[in-house]
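Number of protein chains: 2
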Amino acid sequence: MAKQGSPKYDYDLIVIGCGPAGQKAAIQAAKVGKNVAVIDRRESVGGVCVHTGTIPSKSFKEAVVFLSGYRQRSVYGAGYRVKSDIVMSDLTFRCNRIMQIEIDVIHHQLRRNNIHVLAGTASFVDKHTVSIESVENTTTKTAEKFLIAVGAKPRRLPDIPFDGKNIFDSDDILTMDKLPRELTVVGGGVIGTEYASMFAALGVNVTIVDARKRLLEFIDQEITECLQYQLRSLGVTLRLGEEVKTCEISDGGQVITRLRSGKIVVSDCVLFSAGRVSATEDLHLKKIGVKTDERRRVVVNEHFQSSLPHIYAAGDVIGFPALASTSAAQGRLVACHAYNIKDKRIESDLPYGIYSIPEISFVGKTEEELTEEEIPYETGIARYREIARGHILGDEQGMLKLLFHRETQHILGVHIIGEYATELVHIGQAVMGLGGDLRYLRDTVFNYPTLAECYKVAALDGYNKIRIAQTIEKRGDD
Amino acid sequence: MAKQGSPKYDYDLIVIGCGPAGQKAAIQAAKVGKNVAVIDRRESVGGVCVHTGTIPSKSFKEAVVFLSGYRQRSVYGAGYRVKSDIVMSDLTFRCNRIMQIEIDVIHHQLRRNNIHVLAGTASFVDKHTVSIESVENTTTKTAEKFLIAVGAKPRRLPDIPFDGKNIFDSDDILTMDKLPRELTVVGGGVIGTEYASMFAALGVNVTIVDARKRLLEFIDQEITECLQYQLRSLGVTLRLGEEVKTCEISDGGQVITRLRSGKIVVSDCVLFSAGRVSATEDLHLKKIGVKTDERRRVVVNEHFQSSLPHIYAAGDVIGFPALASTSAAQGRLVACHAYNIKDKRIESDLPYGIYSIPEISFVGKTEEELTEEEIPYETGIARYREIARGHILGDEQGMLKLLFHRETQHILGVHIIGEYATELVHIGQAVMGLGGDLRYLRDTVFNYPTLAECYKVAALDGYNKIRIAQTIEKRGDD
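Same order as they appear, the protein sequences are chains A and B. The numbering of the first sequence is this note's numbering, which starts it at 23 and goes up by one. The numbering of the second sequence is this note's numbering, which starts it at 23 and goes up by one.
Just chain A, with the same shape it has in the complex (with noise of 0.2 Å):
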């Protein structure tokens, strides 16, 4: 298709930042004709999403459920694992590669719409143009419009002495040259639980601290509790409700770190993954008016436009919820409204994927949010053991709860703990999409063994619960 060219600006679009949100945001508009460039700081192309973030961090997770024997640990006895002696870069090894397979696939699909990667560090000059400073060069461009999508890195606390040795924050956690015998993990969000879960199936002595009274409050908190047991199971130590004072490096090379409690917690490394902050402080925002807040997120409208409409922000920069699913389905809905592109969507409620070990995902409404909002739902509970592919594949505690409208029998919420947890969730996001309820999946027919099975079972359970409860309820009014 040939590009329509926008004589004013070197660009129709220029893209800050190549995650999932940038590229998206390029590629659609480069699919209707536009003239696009996106601009990374890095080498490559991917953004954390590729290169510290989620890739690594899921890649990490495979190999370590496959080394360390993980999931059949119930099939071939506690202390199994395929290797004995796991190090480092028998983890990391894997991550590299799916990396560099991860950038060539983004390099293809960029190359393929023909959009420009510029790489080097951008600031705005003014409200159209952007410096963009390399190793070699500084160069300006020029767009008609612009996508902020620089994503977000850790918080690093001042008083903390982080050196990449012994302390980490989560962008330099896999950099670390040897397996700890012990890890203190500073924060219970997704990616210190991710983080925390995979360390203690590694044999690794875990400890968690939290100044919250439980790991991940927006998760349903039965899912939260089998969670806790499960990780307490692989022997990790919660810290739950106490807060940090200080943390330091004694000169045996151990990591103290002092609670307010009084408690001291020694160990060999400590991750920091204490929350987040937009990758904004170079942009030179200011400079041309575009408001960002205190986390230095950028302020953006419902079609994701900043301050100064011709300028969007899209993915972690903005904020919650910071998955690469979301950004990247926001990046889509940029350039849909920038080029007005008709893309009547359907809304269906979005999944969150947690990749601890044990996985966790969900959809919809959580028990406390229903029970808040005094909806009447009931529960369909099923168990991984109570199905066989739960045994044939080892995992034996998870578990697949539903929530439905008492009444209209609708799905209301779907809440996974187990194996393929970020998998399943789709098939009851799909009911819950499509207005399907409680009576598709007591009905349909699953392949035989599935852990899908799950969906059928809770339905029956959640079938059971309401009969009880009407046999009760008539008796009442006899």
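There could be a bad hint or two in this list.
Treat identical chains as interchangeable: a pair holds within one or across any two.
To be verified - Straight-line alpha carbon distances no greater than 20 Å define the calculated EDC-like cross-link-like pairs of lysine to aspartate or glutamate that follow: (1) Lys285 / Glu264; (2) Lys387 / Asp371; (3) Lys364 / Glu429; (4) Lys149 / Asp304; (5) Lys387 / Glu244; (6) Lys200 / Asp185; (7) Lys53 / Asp483; (8) Lys364 / Asp483; (9) Lys53 / Asp465; (10) Lys364 / Asp465; (11) Lys487 / Glu408; (12) Lys200 / Asp290; (13) Lys53 / Glu408; (14) Lys364 / Asp459; (15) Lys187 / Asp273.
Since the hints were derived computationally from the structure, they do not count as laboratory data.
On the provided structure of chain A, position chain B as indicated by the hints.
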């Protein structure tokens, strides 16, 4: 709940055979207060599904995938395996444990529902009486209604010297004492293909012989081709369109299989998986007037009633599709019909799962069927290598194909080959079952990274194809 009882008979319902069909019928009947017994010829319950069929072969598969390092080869290299000298007991050790758990689960379910389990071989004495012969004694029991759910067993051709040492059928293949160097598999149906692929993944030289021109004739041709390509990559020799003339054991203990074309295949072992026959021979069905066909299948109407309306039959014993999942569904329907349980079911497409390496699953129509029916369809394809989780899992050859109506964009079929295929298919099945179309799959946000993203990539591919087609049509109009 109090049993209602049928004073004339010992039981309301006697179920003969305790596989998936028998279990589900018995439980459903018990749940509405019926007095139920199941008769099984084995000491323990479960049927072929648990003992020699589905569960052992699927557990074996999981052990093969794990111990052979099959998933890891694209990451760690083709020679990679977890255990360098895999022996049969490594593989079946896991099976036995899982079988035992499944048996316990079934026993527990039957007991919880007050269902009597009677061990022995059943045969009809009259239309309401069976005799049950066990090692200890012979008893007779009467019932108002019966369900025949005795399943099927491998068809043993008379000229083949089955010995359980060199020449096996699918029921005794897993009893082989050591892994063969070469294995000939006669019959490229589901069971033959599953075992052939598993042994090939273990490094056994496998030859498949089948009179038909391709494996698994009922599945989509592109998927078969993909399977055949991958099997050949694993070193499998395909002798398709070839018939076995003779099969004999040489003095040296090798099996010599001669084909009609004159070819000779020499191997340590042969697996015959050339069809199954219903296990009805001991039931004395003819005596009481229950009709069977030439493969001993019980002939039933749409309510699963035999020629005697109070005697039902379900599961493998009535033939196609002979899958554990559909048998279970049939069993439930039998109880619903027999006891007038109101149960307005949603009819949705049945999924088919083939647990070969790679796994295959589909729902809906194949391209061949749609072409035959002159339905204007288009395809949307996603390859696992296009998405991050494909790389993370090390499956770069998997693919997902959507078939959709070119005008309405309704999903007509979903065909998957690769990791998790049997799980993933249920997302597409839900979309089909609830009347969703390509738009749902394009617009949904999927967890990243997941294989489920294939649906989105395939939907986008499908949209691109119809857009291109529309552009061409439009040009034609000008």
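How do Lys53 and Asp465 come out at 20 Å by Cα distance, when the copy is not named: within, between, both, or neither? between (42 Å within a copy, 17 Å between copies)
Reference check for the pair Lys200 and Asp185, CA-CA at most 20 Å: within, between, both, or neither? The answer is within: 15 Å in one copy meets 20 Å, while 54 Å across copies does not.
Is it within a copy, between copies, both, or neither that the alpha carbon of Lys364 lies no farther than 20 Å from that of Glu429? Between copies, since 19 Å is at most 20 Å while 37 Å is not.
At most 20 Å between alpha carbons: which applies to Lys364 and Asp465, within, between, both or neither? Intra 37 Å, inter 13 Å, cutoff 20 Å: inter-copy only.
Within, between, both or neither: Lys149, Asp304 at alpha-carbon 20 Å: within (15 Å within a copy, 87 Å between copies)
Is it within, between, both, or neither for Lys387 and Glu244, if the alpha carbons may be no more than 20 Å apart? Classified as within: same-chain Cα gap 13 Å, cross-chain 40 Å, threshold 20 Å.
Same-copy or cross-copy closeness of Lys53 to Glu408 [CA-CA at most 20 Å]: Between copies only: 18 Å across chains, 48 Å inside a chain, cut-off 20 Å.
How would you label the pair Lys387, Asp371 (within, between, both, or neither) given a Cα cut-off of 20 Å? Within one copy only: 10 Å inside, 29 Å across.
With identical chains treated as interchangeable, where does the CA-CA distance between Lys187 and Asp273 reach 20 Å or less: within a copy, between copies, both, or neither? within (14 Å within a copy, 67 Å between copies)
Within, between, both or neither: Lys364, Asp459 at alpha-carbon 20 Å: between (31 Å within a copy, 18 Å between copies)
Taking 20 Å as the upper bound on the Cα-Cα distance, should Lys200 and Asp290 be classified as within, between, both, or neither? within (11 Å within a copy, 47 Å between copies)
If the cutoff is 20 Å on CA atoms, where do Lys487 and Glu408 land: within, between, both or neither? Let me know, please. within (17 Å within a copy, 43 Å between copies)
In summary, the structure agrees with every hint in the numbered list given earlier.
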